[in-house]
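**Q** Read off the chains here:
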Amino acid sequence: MAVQQQGSNIVVSASVAGSVFPTSEKDTIFPVLVDGSKNLVRIEGALYGRSVELRGQVSIHGPVVARGDLKINHQGQKIQLFSGLTVNGSLNCHVDETSALSGQFDSVKSAGLIIKGDIAANQNISLKNAVVFGSIRAVNCTLENTLVLGTCIIEESLTLRMSSVGGYAARDVSFEGSCMMIHALGESLNRPRMMPFETAQGQIIASDIRYYPAIRSQGHLFNLIHRPEVQYPDYSILNELSDWVESPATPNAALEEWHAESLHKWVLSIGGRIGDISLIASAIEAVTRMLKCGFEYEHYHPQKRRQIMMSVTQSLTEQEAWALETVCL
Amino acid sequence: MSNAPAGVSLSDVNNAIDRRLAPLRQDVKLLEVGLHDLRNHVDREIRRLEEEMRQIGEMIVHAIDRQTQAFIGGVAATTLMVERTKNQIESDFKETRGRIELQTESALQIEIGKKVAESTSLRSKLDAFGADIKVRFEKSIEAAGINRELYNLKFAKIHDEYQNKIHTIGEHIFQIRMEDIAPAEKAARVPYETAHALPIEMDLKRLELRSQNLDETLTMLKASRLDEVVNSIAELEGVLRAYSLGQSSPGAGPEPVMVEALVTRSAVQSSVLAGLQAQAVNANAAVSLTLCDTSLSHFDSPAMHQKIALVLDRQPSRSASQAERDELSQAAQALLEQGLISREALTLFQDFLGADKLNVVET
Numbered sequence: 001m002a003v004q005q006q007g008s009n010i011v012v013s014a015s016v017a018g019s020v021f022p023t024s025e026k027d028t029i030f031p032v033l034v035d036g037s038k039n040l041v042r043i044e045g046a047l048y049g050r051s052v053e054l055r056g057q058v059s060i061h062g063p064v065v066a067r068g069d070l071k072i073n074h075q076g077q078k079i080q081l082f083s084g085l086t087v088n089g090s091l092n093c094h095v096d097e098t099s100a101l102s103g104q105f106d107s108v109k110s111a112g113l114i115i116k117g118d119i120a121a122n123q124n125i126s127l128k129n130a131v132v133f134g135s136i137r138a139v140n141c142t143l144e145n146t147l148v149l150g151t152c153i154i155e156e157s158l159t160l161r162m163s164s165v166g167g168y169a170a171r172d173v174s175f176e177g178s179c180m181m182i183h184a185l186g187e188s189l190n191r192p193r194m195m196p197f198e199t200a201q202g203q204i205i206a207s208d209i210r211y212y213p214a215i216r217s218q219g220h221l222f223n224l225i226h227r228p229e230v231q232y233p234d235y236s237i238l239n240e241l242s243d244w245v246e247s248p249a250t251p252n253a254a255l256e257e258w259h260a261e262s263l264h265k266w267v268l269s270i271g272g273r274i275g276d277i278s279l280i281a282s283a284i285e286a287v288t289r290m291l292k293c294g295f296e297y298e299h300y301h302p303q304k305r306r307q308i309m310m311s312v313t314q315s316l317t318e319q320e321a322w323a324l325e326t327v328c329l
Numbered sequence: 330m331s332n333a334p335a336g337v338s339l340s341d342v343n344n345a346i347d348r349r350l351a352p353l354r355q356d357v358k359l360l361e362v363g364l365h366d367l368r369n370h371v372d373r374e375i376r377r378l379e380e381e382m383r384q385i386g387e388m389i390v391h392a393i394d395r396q397t398q399a400f401i402g403g404v405a406a407t408t409l410m411v412e413r414t415k416n417q418i419e420s421d422f423k424e425t426r427g428r429i430e431l432q433t434e435s436a437l438q439i440e441i442g443k444k445v446a447e448s449t450s451l452r453s454k455l456d457a458f459g460a461d462i463k464v465r466f467e468k469s470i471e472a473a474g475i476n477r478e479l480y481n482l483k484f485a486k487i488h489d490e491y492q493n494k495i496h497t498i499g500e501h502i503f504q505i506r507m508e509d510i511a512p513a514e515k516a517a518r519v520p521y522e523t524a525h526a527l528p529i530e531m532d533l534k535r536l537e538l539r540s541q542n543l544d545e546t547l548t549m550l551k552a553s554r555l556d557e558v559v560n561s562i563a564e565l566e567g568v569l570r571a572y573s574l575g576q577s578s579p580g581a582g583p584e585p586v587m588v589e590a591l592v593t594r595s596a597v598q599s600s601v602l603a604g605l606q607a608q609a610v611n612a613n614a615a616v617s618l619t620l621c622d623t624s625l626s627h628f629d630s631p632a633m634h635q636k637i638a639l640v641l642d643r644q645p646s647r648s649a650s651q652a653e654r655d656e657l658s659q660a661a662q663a664l665l666e667q668g669l670i671s672r673e674a675l676t677l678f679q680d681f682l683g684a685d686k687l688n689v690v691e692t
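Chains A and B are the protein sequences, given in the same order.
Everything in the first sequence is counted per our numbering, starting at 1 for the first residue and increasing by one.
Everything in the second sequence is counted per our numbering, starting at 330 for the first residue and increasing by one.
The hints are simulated quantities; they were obtained by calculation from the structure and are not laboratory data.
You may find that some hints are simply not true.
[Claimed, not checked] Across the chosen pairs, the derived CB separations fall in these ranges: (1) SER19/A <-> MET507/B: 29 to 35 Å; (2) GLU285/A <-> LYS534/B: 20 to 26 Å; (3) GLU261/A <-> ILE529/B: 21 to 27 Å; (4) GLY272/A <-> ASP685/B: 43 to 49 Å; (5) LEU533/B <-> GLU261/A: 20 to 26 Å; (6) LEU550/B <-> VAL230/A: 39 to 45 Å; (7) SER262/A <-> GLN504/B: 35 to 41 Å; (8) SER19/A <-> LYS494/B: 19 to 25 Å; (9) SER19/A <-> LEU533/B: 41 to 47 Å; (10) SER600/B <-> GLU261/A: 41 to 47 Å.
[Claimed, not checked] Calculated Cβ distances over 12 Å to all of chain B for the following chain A residues: (11) PHE30; (12) SER135; (13) THR151; (14) ASN190; (15) THR199; (16) ARG227.
Don't be surprised by glycine CBs; every beta carbon is placed ideally from N, CA and C.
Could you put together the complete structure from these sequences and hints?
**A** Printed below as a string of C-alpha cells:
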C-alpha cells in the first residue's frame, strides 16, 4: 500500500499513479512524509498535506501544497518537483553535509533539488543545491548554491550565497561569495551588502558578482571566479559603486509597499554602460526561449515537443540545455 | 394525515364483539331452556306432591269415615285430632310447599344469578376487551405520534449533522482556498513586468541620459573640430572656384552673399537667429541652440537689429491666418517629437499662437 498511516504520520513509501490528497479529517491534520530513501517514489498527481516532508529520491509531477511547513532532504539523491510549490509556512531544504552533493557547486547537474514552476511561501524559504526553473515569492529567502532562472520577490530579506538569480525585488539583499545575475534586474530598499562567503571547509570566498550574458559563452550558470582556472572578462563584473544606483521610486506593488509615500531604492542598472547590446540581447533571448519552452512544453503537441525543444536547445549552452531537458519530461 | 389507527376499524371491533357475544347468546338460550325444564319439573313435583297429599287425605278421610262409625261417639277427640292433624298437615303441606317453592326459587335465583353473573362477567370481559382494544388503539396512536416525534427529532438531528458536516467540509475547503492557495495567488497577482518596472525604467533613463551625453559630446566635437574643417574646405573651394572661372582676385571687393535667418521682433525684444543649430533639449531648457558658424554671429548685433527694425517698419504686416498658425503648431509638435524643444516650450508657443498676436511681414 503506497499511502499508509504510521503513528501520526501519513507515509507515502511507493509510487502513486494519482494525487495524494486527504481522504478523511485526520489526513488534514497528520503530517505527510514522502519517503524515497529506499527507492524512487513517483507521484503522478499533486500532493497536499498539513506539513510535508520529502526525503530521498522523490518525483512529483503535480503541484505541492503544504498547509504548514515543507521540509526537503534529498539525502544525496535527487528530488524533482515539476509543478511548483505553495507553502503556507516555511520551506526548508536540508542538505546532509556528508552527502556527495553537499560540496560547492560547479554545475546545475549536481543539483539535488530541481523545481519547475514558482515557489510561493507565506514565511521563509531556505534552499541549498537547488535549481529553480521559475520564480520565488516569500517573506525571507536564503539561497545557497542555488540557481533561480526566474526572479525573487522577497518582502523582507534576500540572502544569496554562491547563487545565481534572474532578478530580485526585496527590502534587503546581501550577496555572499561568488554570485551571478542572469538579468540586470534588481531593486532593494536598502543598499545591497556584498560579503565574503565561508565554506564548510573554512575557505573564504570574496564577494564577486557577475553579469551572466557577458560570460555566457563560457557556459557557466554559476559564478566560478573563485576557482583559479576560471577567468572572466572585467566588463562582466557588476560593480557595487557604479551598477547599483540610488533613486527615488514609487512603491512596488509586488512588495506591497502601498503604505509608503516616497521611497529611495537601490536599483541594479547597466543602462549607463556602453557595450555590445547584441550580445546581451542574444543571451536574454536564449534564456527567454528556454523558459518559454520549459513552461509551455506540456502544452505543445506530443509529436512536436521534442522537435521544438531541440530547436531551442541549439541556441543554449550545455548547462542551459541540461536544465531545460531535465524539466521537460 | 388522519388520526385513525392503521389496520383496526370499528367494524372489526364490532365483528369481534359479535363473535364473542354469539356463544354467550347461545349459552343464555340454553340456560333459558334449562330454566324452563326445571320449572316444569318443579311444577310436576308439586303436582305429584299435591296428588300424594290428596291421596293421603282421601285415605285418611276414608279411614276416618270407616272408623267414624266405630268411633262416632268417642272419636270426637280423634276427629279433632284428625282435624288438627289435617290442619297440621295442611299447614305443613303449605309450609312444605312454601319451602319447596322457596327452595326452588332460591335454586332458580342462584342458578339465574350464576348465569347472570356469568353473562355479566362475559360482558364485562367483552367490555374490558373492547376497552383494552381501545386503550391499545389509543396507545398505538400515541405510540405512533411519539414515534413520529422521535422520527422528526432523529431526522432533525441527522439533518443538523449533515448540515454541520457540509459546513465543516465547506469551511475546510474555503480555509484551504483562502489560506493555502493564497500564497500562490498573491505571487501571481502582480506580473513580473510590474515587479521589475523600476530597474527597467532606470535602465531606460540611464540609456537616455547616456544618449544625450553622447549627442552633446558629438555636437561639441563637430562644432569644435569638424565644422571648422568643413568651413575651411568650403572657403577653399570658393576661392579655387573663383580662380578657375577666371575672375579677379578674391580681394577685389565685397561679394554679396545670401544668408538664411529667422528674425523675431516684439515690443520687448528682437532677435536674429542665423547659423544656429538646434540640439536635443535637456530637462531644464526650453530650446538648445548651438552656433555652428561663428562668421554669422555679427547678424545678431545692435546695428543689424536697428537696420532690420527700419526695414520691418516700412513693410506692411498682417495677422497670421489660421492655416498658418496650424502649420506652425504642427511644426512645433514635430520639433517636440524630435526632442528639439521641450513640452513647456510647445505649450507656451501654442498659447502665443492662440492669442493671435503673430504678425507676418511679406516682402
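**Q** Against each hint, give a clear statement of whether it holds in the structure.
**A** Hint-by-hint comparison with the structure:
| no. | hint | result |
| --- | --- | --- |
| 1 | SER19/A <-> MET507/B: 29 to 35 Å | violated (21 Å) |
| 2 | GLU285/A <-> LYS534/B: 20 to 26 Å | holds (23 Å) |
| 3 | GLU261/A <-> ILE529/B: 21 to 27 Å | holds (23 Å) |
| 4 | GLY272/A <-> ASP685/B: 43 to 49 Å | holds (46 Å) |
| 5 | LEU533/B <-> GLU261/A: 20 to 26 Å | holds (24 Å) |
| 6 | LEU550/B <-> VAL230/A: 39 to 45 Å | holds (40 Å) |
| 7 | SER262/A <-> GLN504/B: 35 to 41 Å | holds (38 Å) |
| 8 | SER19/A <-> LYS494/B: 19 to 25 Å | holds (23 Å) |
| 9 | SER19/A <-> LEU533/B: 41 to 47 Å | holds (46 Å) |
| 10 | SER600/B <-> GLU261/A: 41 to 47 Å | holds (45 Å) |
| 11 | PHE30 | holds (14 Å) |
| 12 | SER135 | violated (7 Å) |
| 13 | THR151 | violated (6 Å) |
| 14 | ASN190 | holds (15 Å) |
| 15 | THR199 | holds (31 Å) |
| 16 | ARG227 | holds (30 Å) |
The earlier numbered hints that this structure contradicts are 1, 12 and 13.
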